[in-house]
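Student: In case you want the letters, here they are:
2 protein chains.
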Amino acid sequence: MTKILDGKKLGKKIAAKLKKEISNLSTSPMLAIIQVGDVAQSSAYIDRKKKFAAEIGAKVHHIILPLDIAEKDILDLIKELNERTDIHGIIVQLPIPKHLDRFAIMEAISPSKDVDGLTSRNAGLIYERAFGGADPKNVPAGLIPATAKGIISLLKENKIALSGKKVLVIGRSLLVGKPVAMLCLRENATVTIAHSKTKDLDKVCKENDIIIVAAGKAGLIGKKALTKKHIVIDVGTNTPSKKTLEEIGAKKLVGDVNFKEAAKLVAAISPVPGGIGPMTVASLFENLVEAYKRGK
Amino acid sequence: MTKILDGKKLGKKIAAKLKKEISNLSTSPMLAIIQVGDVAQSSAYIDRKKKFAAEIGAKVHHIILPLDIAEKDILDLIKELNERTDIHGIIVQLPIPKHLDRFAIMEAISPSKDVDGLTSRNAGLIYERAFGGADPKNVPAGLIPATAKGIISLLKENKIALSGKKVLVIGRSLLVGKPVAMLCLRENATVTIAHSKTKDLDKVCKENDIIIVAAGKAGLIGKKALTKKHIVIDVGTNTPSKKTLEEIGAKKLVGDVNFKEAAKLVAAISPVPGGIGPMTVASLFENLVEAYKRGK
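Protein chains in written order, with our numbering: chain A, 6 to 301; chain B, 6 to 301.
Please keep in mind that the hints were generated in silico from the structure rather than gathered at the bench. Do not take every clue at face value.
What the hints assert, rightly or not - Among chain A residues calculated to face chain B with C-beta under 8 Å, some are:
(1) R126
(2) A128
(3) A135
(4) A146
(5) I165
(6) K183
(7) T197
(8) V209
Every residue, glycine too, gets a C-beta built ideally from N, C-alpha and C.
Chain A with its partners taken away, still in its complex shape (with noise of 0.2 Å):
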C-alpha cells in the first residue's frame, strides 16, 4: 500500500516546537516580506505565510511596492531593513517585474537575514556543505532554501533513509532542485539532476529510487516512469486548464506528478496539496527563528 507523506501534519508538529521556542524568546522574531506589485498569486502565498507567522507567535512586517518601482528604492529599503535589529528575516516575493535585476535584489540581503537562502553567500554554503569526508571541516551552516529543508525534514519524519540511496531531483531551480541535490548529496544519496533537456526520464526515473520533482509541469510523472519501490517527492504546484485537469483527473490545484496513477502504485508519495507546501511554509519560520537567535 502506498505511503502518504503527510507535510501538513509535520507542518502542524513544527509549528507547535516553534510556538513553544518563541514562547521562550524575550522579543518576537519578525519577518520582513517585500511584495512588488499586488498580485493575487503572491498574495495567496503571503497569507499563508502571516497565518502561520500568527499562529506560532512570529511578526510579518509586509510592504507592497508599486510594479513600476525603481531598483534603487527596493535596494534602499533592503539596506533600511538589514540595519533594523527588531527584523530578523527578509524576504522578496517572487516572482518581481522584469525591470528589476533578481540577483543583485537578492545579493542585498544580509546572508544573515536571507531566510529564503538566495544569496550567493547562502547558496554557496550548501553547495560547499554537500561533501563527504575530504572538503574543509569548518564550512558554517548557511540558511536554506525553505521548500528544499522541508523535503528533507518529510523525509526524515518518515525514516526514510538517504545514505547509498539513488535520489533523482527533476529541475534545477535555485530555489528547489539545486539545494536538494546538495542537500541529498550531504546525506550520501547518489544524486542525479535531471532537467527539460533530459532524454527517456521515464528511464532515468527508473533508474533511481526516490525521486524529487520539481519541474512544473502538471503531469510530467506518470505510471510509465514509476515502479513500486519508488519513493516519490512532488513539489509541483501547478494550476492547468480544465482540459489538464480532466486528463489527469485531478481538482484545482496538481503536483508535477499524475497522483492518481502514482498513488496506486509507488511505496510513498507527497501530495499536492499537503505534502510540500505546508512544509516549505513551516521550513521559512524554522529559518526565521534560527536567524534570530544566531543573530543574539
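Dock chain B against chain A, hints included.
Tutor: Chain B only, in chain A's frame:
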C-alpha cells in the same frame, strides 16, 4: 578505435594563446603561490606552474611558509596580497597542515584574485549559474576551479557535446567533482554525482554516457564498468604501491581508471599522465589572465 583525449596537446595550444595575449598587455600578470612547508608533492605541482608561467610570460611570486605558521600570519599575508596591485591571482597550495582552518584561509582571498575558484563567492556563482533558463540572468561569471574548467575545455576541443547526455561525476570535492557537475549541468547534461557511498558503481557507470572520475582511487573503474559507447575523463593522479601497479599493469603515476582495460574498450579516454593534469595548469593561467583583465 579508442580516441585519446590529449590534454598535453591542448595545454600547449592554450599556452600559445595566452603567450600571445600576455605579450599585448602593458604588464605581466603575476600569480602568488602560498606554500605551507616545503612538501615534496606540493613542490612538484608548483614547479609545473612555474614552468608554464615562464613559457607564457606570466610571473610567479612563490612564498614558502614554515609548517607551524600561525593562522593569523597567513591571513595577514593574504590581506597584503589582496591589496597589492601587481598581484592578479592568489592560490594556497593544498594540502595545508591540520592546525590551519582551510575554509577561513580560502575565504580571506579576494574573490577577484581567487584563481582556484575556492572562495564561497566563486563556488556560489558556479552553483548559481548551473541553470537552464528559469534562473536569474544577471549572475556574473566567477572564477572556475581549474581542473573543472580544463575538463570542459578538453571535451569541447574534441567536439564532445554535453547537452542531453548523461554525465556521471565520481567524487564530490570542491576542487573537481562538484564544480564539474555544475558546469555539465550548465551545458544541459543530465548529471549524476556518485561517491564512496554509492552502491554498485559499475552499474551506475553503464547507465551513463560520459564518466568523469575524480575519486583518487587507482583502478576504481575498469572493464566491468565500461562499454564501447563511453567517454571517460580520468582526473585521478595516484602513486600506488608497487603491488597495485603490477596488478593494473601501470607505471608510476596512474589515474582512477584502469587504462589498459579501458583503452581497448571505450570510445574516448583522457590518459594519465597527459590528460587532465596539463589542462589544470593551463586553465589556472587562463583564470590568471582573466583576473588580470577584469582588474583593469
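Student: Determine for every hint whether it applies to the structure shown.
Tutor: Structure-based check of all given hints:
no.	hint	result
1	R126	6 Å, holds
2	A128	5 Å, holds
3	A135	7 Å, holds
4	A146	12 Å, violated
5	I165	16 Å, violated
6	K183	6 Å, holds
7	T197	4 Å, holds
8	V209	7 Å, holds
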